[in-house]
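Chain by chain, the residues:
There are 2 protein chains.
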Amino acid sequence: MIKLYDSSLSGNCHKVRMMLGFLGLAHDIVPVDWAKGEMKEAWFTDINPRAQLPTLDDNGVVVWDSQAILVYLARHYDESGLWFPDDPMTMTKVMQFLMLGNEEIAALAWARVTVLMKQPRDRLSELQSKGKAGLAVLESALSTADWVAGTDHPTIGDIACFPYAGMAEQGDVALSAYPHVQAWIGRIKALPNYTAMPGL
Amino acid sequence: MIKLYDSSLSGNCHKVRMMLGFLGLAHDIVPVDWAKGEMKEAWFTDINPRAQLPTLDDNGVVVWDSQAILVYLARHYDESGLWFPDDPMTMTKVMQFLMLGNEEIAALAWARVTVLMKQPRDRLSELQSKGKAGLAVLESALSTADWVAGTDHPTIGDIACFPYAGMAEQGDVALSAYPHVQAWIGRIKALPNYTAMPGL
Chain A
905 MIKLYDSSLS GNCHKVRMML GFLGLAHDIV PVDWAKGEMK EAWFTDINPR
955 AQLPTLDDNG VVVWDSQAIL VYLARHYDES GLWFPDDPMT MTKVMQFLML
1005 GNEEIAALAW ARVTVLMKQP RDRLSELQSK GKAGLAVLES ALSTADWVAG
1055 TDHPTIGDIA CFPYAGMAEQ GDVALSAYPH VQAWIGRIKA LPNYTAMPGL
Chain B
905 MIKLYDSSLS GNCHKVRMML GFLGLAHDIV PVDWAKGEMK EAWFTDINPR
955 AQLPTLDDNG VVVWDSQAIL VYLARHYDES GLWFPDDPMT MTKVMQFLML
1005 GNEEIAALAW ARVTVLMKQP RDRLSELQSK GKAGLAVLES ALSTADWVAG
1055 TDHPTIGDIA CFPYAGMAEQ GDVALSAYPH VQAWIGRIKA LPNYTAMPGL
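Chains A and B, in that order, give the protein sequences. Just so you know, we're using our numbering here: the first sequence kicks off at 905 and counts up by one. Just so you know, we're using our numbering here: the second sequence kicks off at 905 and counts up by one.
Source of the hints: derived by calculation from the structure; they are not laboratory data. Among the hints, a few may not be true.
Pairs count within a copy or across copies, as identical chains cannot be separated in the list.
Said to hold, decoys possible - Here are the simulated DSBU-like pairs of lysine-lysine, each with C-alpha atoms no more than 30 Å apart in a straight line:
{"no.": "1", "residue 1": "Lys1093", "residue 2": "Lys944"}
{"no.": "2", "residue 1": "Lys1034", "residue 2": "Lys907"}
{"no.": "3", "residue 1": "Lys944", "residue 2": "Lys1034"}
Take these sequences, add in the hints, and give me the full structure.
See below:
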């Protein structure tokens, strides 16, 4: 059985929940209290030395990092091959958006944490600027294609960018400047077997 | 011809220079002045909207992000298939270290910039702690294998982590606590066609 160590409010965890849903994979959710720092406790760092959520355990095979988990699930369970295509150029483009999702788009996650958890705001505008730079890259890619890597079918590159782009406004970044991103958010939510998340 | 937009002091650029060297690929270097912010000028953001180095141009095909460029070069030019193996589990493990290289190990890069460029040190200890967490993950992986993904041959996961781990001491993080990482640094430098970098 697949076990997902999960925090319901985490967009990184949501990437994995979405992928499990799209692939129709049965799984157990193990809630870990992120706000209380439970992932820093020894029982958890024994499983994932990076002390991060999400973490996947597939019958004893442990995979950490949300992007790596997407690759794991696509390569092991996606018989269509469409979620992480093998073609070298498409794979490269998907990788670009896995990295954008982990870098500029992840800045939107930290802006969101700052606002939602009422943390000190000394880095908020820096995070928002970085996040907007990421949204601008998405906007540009989505102005000529339905999906970020330019494919006819969504890929894990779309999933990697979706949750924190979709929740940008929780970090006080308006999405109205990014109409193609907004339309893409709608397309993703309309996909068969889409898994919903509170606030998204 | 392959063209690499490059900054000689950048470890991210060095990842690509190393890969080009290992694969024996002829290329032109286009120096971009990182310290002067030349990558934010319009001529460059027209090429790479993320305004980042390195950026690769392979006969008009532009690829940004150092990790994505490693994937591009491996999938297009590595006939051995060993640098980014196709096997799902190995690919997943390599991905984990591409992400570690972009996250905790990248914190060592920012610590290095802070120290070398005499920037304000208010975030230095936070960056060093994050970097040490990354080195601890590397140390653990390298205590049971020669290469980070547990393969018999180095992968792009090794390349992604190598430059900033290898230059950790330039950010005032001692490597003496990580003997397996030190031995691995030596193994990488001893590889055929290794490309050297000043200060590494």
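The hints, checked one at a time:
With identical chains, the CA atoms of Lys1093 and Lys944 are never at most 30 Å apart, being 33 Å at best within one copy and 34 Å at best between copies. With identical chains, the CA atoms of Lys1034 and Lys907 are at most 30 Å apart between copies only, with a shortest distance of 27 Å across copies and 33 Å within one. Taking the shortest alpha-carbon separations for Lys944 and Lys1034, both the intra-copy value of 27 Å and the inter-copy value of 13 Å come in at or below 30 Å.
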